[in-house]
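Student: What follows is the residue order along each chain.
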Amino acid sequence: MDNTKFEYLLRLADNGLVLSQRLSEWCGKGPALEEDMALTNVALDLIGQARFWFDYAGELEGQGRDEDALAFHRDAGQFRNLLLVEQPNGTYADTLARQFYFDSWHYLLLQKLCASKDTRIAGIADKSLKEVAYHVRRSGDLVVRLGDGTAKSHQMMQDAFDTLWAYTGEMFQPDAVEAAMFEAGAGPDVAALRAPWLAHVAAVFDEATLRMPSPDAWMQKGGKEGVHSEHLGFLLAEMQFLQRAYPNAVW
Amino acid sequence: MNNEWPLWEVFIRSQHGLAHKHVGSLHAPDAEMAVNNARDVYTRRNEGVSIWVVRASDIVASSPSDKGALFEPSNSKVYRHPTFFPMPEEVKNL
Amino acid sequence: MYAQLVDTGGKSVKRLDEMGAEERAFQERVDAGVKIEAKDWMPDNYRKTLIRQISQHAHSEIVGQLPEGNWVTRAPTLKRKSILLAKIQDEAGHGLYLYSAAETLGISRDEMLAALHSGKAKYSSIFNYPTLTWADIGAIGWLVDGSAIINQIPLCRCSYGPYARAMVRVCKEESFHARQGYDIMMAMCNGTPEQKAMAQDALNRWWWPALMMFGPSDAESVNSVQSAAWRIKLFSNDELRQRMVDQSVPQAEFLGLTVPDPDLRWNEETQKYDFGAIDWEEFTNVVRGNGPCNKERLRTRVKAYDDGAWFRDALVAHADKKNAATQLVA
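Chains as they are written, first to last, in our numbering: chain A, 1 to 251; chain B, 252 to 345; chain C, 346 to 675.
It is worth saying that the hints were derived from the structure and are not from the lab.
All values derive from a computational prediction rather than experimental measurement.
Check each hint, because a few of them may be wrong.
Simulated restraints, written as ranges between beta carbons of each label pair [to be verified]:
| no. | chain 1 | residue 1 | chain 2 | residue 2 | range |
| --- | --- | --- | --- | --- | --- |
| 1 | A | A179 | C | D455 | 47 to 57 Å |
| 2 | B | P339 | C | P475 | 27 to 37 Å |
| 3 | B | N344 | C | D385 | 52 to 62 Å |
| 4 | B | R306 | A | A192 | 43 to 53 Å |
| 5 | A | D162 | B | P339 | 49 to 59 Å |
| 6 | B | H267 | C | A564 | 40 to 50 Å |
| 7 | A | G222 | C | E539 | 50 to 60 Å |
| 8 | A | R244 | C | P637 | 20 to 30 Å |
| 9 | A | A192 | C | N549 | 21 to 31 Å |
Quick reminder that beta carbons are idealized off the backbone N, C-alpha and C, glycines included.
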């Protein structure tokens, strides 16, 4: 059970880490100063959450790996994040679309995790939920404003949402690890998150005058099993460089 | 056409504060975003904080008086505080 | 520091008896240490000088995010990454407080950004240097933020209320920045030989540009005398630079690093450090646009602004639509 839980925690941690890494690429380059600060806040929250998940994972594994060993010394095949979060930033529309899809799922997931039989998981989820409540409100609000803004913003958001749609299915396809966690009462039934997620996205899209793609569309997957897109390798090469180049150094 | 976001003045009452204080200003397209941005800029998500935003153009001021703005950084991230980094005794001026 | 090359607009400083009634009343308030506020009468050149100085300070914070943003994706630990993100965010916040302070003087943020993007307005010379290693991030926190603190603490007492108050807030946050940088340097200087060498290399490249931040000697400058009379510049460039050197040399010694100045020596008589000559030609060139990173820094800022136009415009459009709808209902 411990190894399953370890693997499960990596999914949570890797999502936070990879998405935070992507958001931090925007530092100093956002469309407005206030927006720059808001996005960096989200990045900070996510990496903070990832660190909590990594700490627990490392303890459970019991092989002396701390958050940095896990973050900087695994290769892409061992990462368990969703394909969605490793997609490149693209335009700000792409970034916000990715964020909205993720936040909407993340919120629902954390709500369920607050009721986990594992009290440590429940505790981390509870703390994170407060932050993610803000994230999902913020991203939803921006989607409405930009969807129903100018013709240009509408088109940009629609294109971004259409392109990223294929990565959303993975969030609701339970794998063996998630199924085992659900059996043990430690994790949620991710398939059951799909309906509320679709309802939320539909409601926001409706207000934003955006068109939701078909729920029956073909979905990409593999991230949770360590089969990633070509992007993750480059992201990790950049992120892990110093630790790999100077293996004995303490920073 | 001028598409600049209007200027808003921000007032914060901290968790244990008695009244809202003026902390500065920011630009936002409307009041709701002004409040959200004020959270991110002036409170770093501290809980129990009350935020008021007022369109700068709506403020009527008496002449020469001090608005008495005080700045209260409120951080939940402990490493933002200088005391988080213990500095060796021998090192001065840090 | 941020008034590098700011022209106060006069040929000489007026005496009280040479001033008109309004200006005399203004100057007497300044002399008495009373704050000047946004709606108060002020000489035109005071207003213009402050706009230039405050906006250049704001621009410096914003452009200053870039050399550090360059390493945030490569920070060597999750803790260092979080700390650096928080620091960069602080810098955005400082820029924002300063733009707000400048706007109280009657200029808009867009006007200030246009001046920056066209090259008309300057930002601190230091941010035109590249960050080549992780040790540079330590050196920047230690020396650049360290210099900024020395410059900013006196400004907390400057005559213009909104600027002084912005400085108070900035200073509270800035000491975290300096310590963060020094903490990085300590870790490296106590680390592997390669790390220590990296730290020494960073000090070698950032020491002189940090000293140049304070600007050339202004003993002869009319601008400096006027700014001092207006209490928007409280110490001379040389005084502040000396403070920086005297403070930093012991800090470097504690790290076991060598300051890259063969002429540096303690002067027992003055109880200060004597130091070598600064290459002011390099400084002039960097300020003029010939520094290693000027073009790239500006291009990045302009691109961010231009690429973001659709976002800003859309939010205005949406707000207008909502507003119109509300009015119809009312």
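Student: Determine for every hint whether it applies to the structure shown.
Tutor: A quick look at each hint next to the structure:
1. At roughly 54 Å, the beta-carbon separation of A179 of chain A and D455 of chain C lies within the given 47 to 57 Å, and the hint holds.
2. For P339 of chain B and P475 of chain C, the hinted distance range of 27 to 37 Å is satisfied, since their beta carbons lie about 30 Å from each other.
3. Look at N344 of chain B against D385 of chain C: about 36 Å separates their beta carbons, and that is not inside 52 to 62 Å.
4. A C-beta distance of roughly 45 Å is found between R306 of chain B and A192 of chain A, which places it inside the suggested range of 43 to 53 Å.
5. Taking the beta carbon of each, D162 of chain A and P339 of chain B are about 56 Å apart, inside 49 to 59 Å as hinted.
6. Under the hint 40 to 50 Å, the C-beta atoms of H267 of chain B and A564 of chain C, about 49 Å apart, fit the expected range.
7. G222 of chain A and E539 of chain C have their C-beta atoms about 38 Å apart, which leaves the hinted 50 to 60 Å range violated.
8. Look at R244 of chain A against P637 of chain C: about 27 Å separates their beta carbons, and that is inside 20 to 30 Å.
9. Remark: the range hint 21 to 31 Å for A192 of chain A to N549 of chain C is contradicted by a beta-carbon distance near 60 Å.
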